[in-house]
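Residue numbers (numbering that gives the first Met the number 0), protein chains in the order written: chain P, 0 to 410; chain W, 0 to 515.
Be careful, since some hints might not be right.
When the alpha-carbon atoms are kept at most 20 Å apart in a straight line, the in silico DMTMM-like pairs for lysine to aspartate or glutamate are as follows [unchecked claim]: (1) W:Lys324 <-> P:Asp192; (2) W:Lys489 <-> W:Glu144; (3) W:Lys439 <-> P:Asp116; (4) W:Lys489 <-> P:Asp200; (5) W:Lys413 <-> W:Asp326.
If you are wondering where the hints come from, they were derived from the structure by calculation, not from laboratory data. Small disclaimer: the values here were computed from a predicted structure and weren't measured.
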Amino acid sequence: MMKRRDLLQTVGAGAVLLPLGPHAWAAMTRESDKRLVVIFLRGAVDGLSVLVPYDDADYRAARPTVALARGANGVVPLDQRFGLHPALAPLMPLWESGSLAFVPASGSPDPTRSHFDAQLIMESGTGRAQSPSGWINRLLAELPHPGSFPRGLSFGEALPHIMSGPVEVATMDARPNDKPLPVDNPNVAAAFDQLYSGNDDLSRAYRDGKEARREVATAMASDDAMAKEQAIANNGAPLAEQATAMARRLGRLLADQPRLQVAFMAVGGWDTHVRQGNADGQLARRLGYLANALTGLRAGLGDKYRDTVILVMSEFGRTVHENGNGGTDHGHGNVLWVLGGPVRGGKIYGAWPGLAEDRLYQRRDVAVTTDYHQVVGAALHGHLAIDSAALARVLPNARHAGGGLDGLIRV
Amino acid sequence: MNSAKIAAICLLCSVIPAAAAQQTPRAGLSPREQAEYVLDRLAYGPRPGDVARVMAMGVDAYVDRQLDPESIPENPRVAQELAPLTTLHMTPVELFRDYGPPRPAPGMKRDPEQVKAARQRGRIVLQQLIAARFACALNSNRQLEQVMTEFWFNHFNIFAEKGLDYVWIGSFEAQAIRPNALGRFRDLLEATAKHPAMLFYLDNWLNQVPQGEKGINENYARELMELHTLGVDCGYTQADVIALAHILTGWGYPRPGQARFFPVDPSAFYFDPMRHDPSQQNLLGRVIPAGGMEQGERALDLLARSPATAHHIAFELVQFFVSDKPDPAYVDAVARQFLATDGDIRATLRALFHDRRFWAGAAPGARKFKTPYEYVLSAVRLAGVTLDDPRVLQGPLHQMGMPLYRYQTPEGYKNTRDVWLNSDAMAKRIDFAMALSRGKLPGEHDAGRATGPLLISAEPPRPAMLAPGDAAPLDEPRLAQAFGGRLSAKTQAAIDSAAPGLKAALLIASPEFMQR
Chain P
0 MMKRRDLLQT VGAGAVLLPL GPHAWAAMTR ESDKRLVVIF LRGAVDGLSV
50 LVPYDDADYR AARPTVALAR GANGVVPLDQ RFGLHPALAP LMPLWESGSL
100 AFVPASGSPD PTRSHFDAQL IMESGTGRAQ SPSGWINRLL AELPHPGSFP
150 RGLSFGEALP HIMSGPVEVA TMDARPNDKP LPVDNPNVAA AFDQLYSGND
200 DLSRAYRDGK EARREVATAM ASDDAMAKEQ AIANNGAPLA EQATAMARRL
250 GRLLADQPRL QVAFMAVGGW DTHVRQGNAD GQLARRLGYL ANALTGLRAG
300 LGDKYRDTVI LVMSEFGRTV HENGNGGTDH GHGNVLWVLG GPVRGGKIYG
350 AWPGLAEDRL YQRRDVAVTT DYHQVVGAAL HGHLAIDSAA LARVLPNARH
400 AGGGLDGLIR V
Chain W
0 MNSAKIAAIC LLCSVIPAAA AQQTPRAGLS PREQAEYVLD RLAYGPRPGD
50 VARVMAMGVD AYVDRQLDPE SIPENPRVAQ ELAPLTTLHM TPVELFRDYG
100 PPRPAPGMKR DPEQVKAARQ RGRIVLQQLI AARFACALNS NRQLEQVMTE
150 FWFNHFNIFA EKGLDYVWIG SFEAQAIRPN ALGRFRDLLE ATAKHPAMLF
200 YLDNWLNQVP QGEKGINENY ARELMELHTL GVDCGYTQAD VIALAHILTG
250 WGYPRPGQAR FFPVDPSAFY FDPMRHDPSQ QNLLGRVIPA GGMEQGERAL
300 DLLARSPATA HHIAFELVQF FVSDKPDPAY VDAVARQFLA TDGDIRATLR
350 ALFHDRRFWA GAAPGARKFK TPYEYVLSAV RLAGVTLDDP RVLQGPLHQM
400 GMPLYRYQTP EGYKNTRDVW LNSDAMAKRI DFAMALSRGK LPGEHDAGRA
450 TGPLLISAEP PRPAMLAPGD AAPLDEPRLA QAFGGRLSAK TQAAIDSAAP
500 GLKAALLIAS PEFMQR
């Protein structure tokens, strides 16, 4: 029997594990080997600056100021056609060791260019924005050990749509919450316990919060070093830097917690309409943080990296042509990143339509030749052994064969 | 016949049947419950004595008075608190002059230290805006005007920390949003479209006819249709976004240097014909003839008068005032009124409030879960205490995830239960209720960090939070009296059996008070 406190010690600095739903902490007894991590880049990252078609004349012509140059401090070539943004150079060891792959010209087939709608559609996994649950929640229902908790973890966001649904998930709040609250005083708690003893939604939320804080308080009291780390981490760290520290912790958590199977983390700040920059600038800075976060996640996972697949996605890509302000606007196709031990990496998957004007979506954006449902489907089938019937429930639009993704996951 | 006359006639046609509908029973509510209900919707909850006052004047009279705020004598405290907040009356040009980054000497680069210093000095704009918003929301007798100011600011949300918006955010609310909050939607839309805070926030100041490396920026054009008017997926295409972006080229504010050649309007709005693409455009199936600034004004006409806009605004209003899941027929009725009155916000709200479906939100299980903003304001109002420096409320709001003027993206804060009800929220609300009931508000630390001086004379932040006479524990029977009769037997039993020092907190953190 593992100790519940261990979970919280691993969670550590600046974060509080909040279970949702009753009996949240019960039954943490069974194990599963496989892990899936989904990282969502909210705001639409410029995929052409992530996986750069550096030799494409159309690419250079369309982007007089934001195109990335070759050579020193420029694109890091991966093959004849594509290279990585220099800020992503820390990921090169993963590419070279064959556990990092990309699927360019991929994304949601939905035409919307609204951030909010596109995110909802991608998170719902049904092709529609309106959906009672998100696809990770439906996935959790198909994974083994349905009674154990927590199997799904949302990192940094209260309850994103992708995690919402009937299966209980844990959320880890990035905001500090370290001082005891009045309600932690037993006399005060007794009065509020009576008020919130019902089975209504307020009562359930009240009891879950109380239980989570009690666990954290116990863990905190037992470990001074961790309290110190928390104080340091809370000291006004910017979001992206926090993501780096958080990702390492997330990795440790996934490695140490036998019940956790799927984790979700969102990173914001990619909506680069103005002064996007090229090898330097705001996008480069954020990609640098993201690269560090991914290497931190990999380090935190340790040996568990062998059993982990990490998907990095964003709601849509950005325009092929830069706009009048050294930025890019809302586009269509993007690039999906696939990392992890089970990934047959060092390869670019899917069909690349190129950037010639007649190959672009609506003559302005990268086309979607690989539906993101197929990529996720390939990962769920190959890595988590989700069969066709189950996959149809999780992602009704996915097929797990073909689409140029054969062999993406080592089986 | 002019449009005002048409609007007036339509108004008569639509209000008379609505008035007849008043006779229908209101979800079986007693007069007292009706008074509580309107105070939770048209106001940020009751202050001590409000429930009795509304019962005495009648709910309908209260609603009509709130729709006509000029007819309500204002609480003198409001003027007293607003008087020193001088930046709210400064024009955008004056604000930029006093708080914008200084212009470098010719041929020199901007000194980052000077820019930082200007930004530091400019924090006072946001501080005064926060103080004004809280002071009005807590104390104004014209509560609906405050509620609608919150609603429209959020509808046209901008973020205080984006670039130059620290200079202009106060003027945006005080001069573009607030004066139009119960006016005509078309006026409100144009006021936001031409305000430098919006021009900056959604990048339209950079949107120009393609020229060399510079060109179209479609950010504002898209959000103008998706968020401000038509609503997402309401029939516009990418081609419409591009067309609208072309139409709005040249809408901005003067560049450095231009001010020397042109008379600068105090609003800082500047239409630059050199940056404008004058060509004819097709927008939403209509031709916008070739032209200058009037192209954009025509586009605003078209958008403001679209049935999709009416529906979008009506949905948002019904969701905000009545129910997380608005009744489609009710939304349609409100949208029809919006269209029939040419976007007269007051007339639209009158139809909304005088519809029998307005009372559906009082049914058991249909109550709205208060947002943190509504919760905190209503608690302080119920307590009847006076805050020496109301900015202290920003601290708890930050803790609860809803600080004023800090929502980064243009869609604004949500107001539905699924967003705000979670285990963390319950603990934070109880924390707040405990502190308030003990006469000591939380968030001192946060407020101290977030705030700077409130007055231009650079006085240090004031530590006192409650006015001296109010810094005493709250009296639960007085609160219960102010709140009305909505406590369940279970809540009443919990209060009755609690220690005296906890009774007031239990009421403020009760399920009945967390919902409206």
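Verification of the supplied hints:
At most 20 Å may separate the alpha-carbon atoms for a hinted pair to count; W:Lys324 and P:Asp192 exceed this at roughly 30 Å. With a C-alpha separation of about 35 Å, the suggested pairing of W:Lys489 with W:Glu144 is violated against the 20 Å cut-off. Distance restraint check for W:Lys439 and P:Asp116: the Cα-Cα separation of roughly 43 Å exceeds the 20 Å cut-off, and the hinted pair is therefore not satisfied. For the suggested pair W:Lys489 and P:Asp200, the alpha carbons sit about 16 Å apart, so the restraint of at most 20 Å is met.
Among the hinted pairs, W:Lys413 with W:Asp326 is consistent with the structure: their alpha-carbon atoms are about 18 Å apart, no more than 20 Å.
In the structure shown, a violation is registered for the earlier hints numbered 1, 2, 3, in ascending order.
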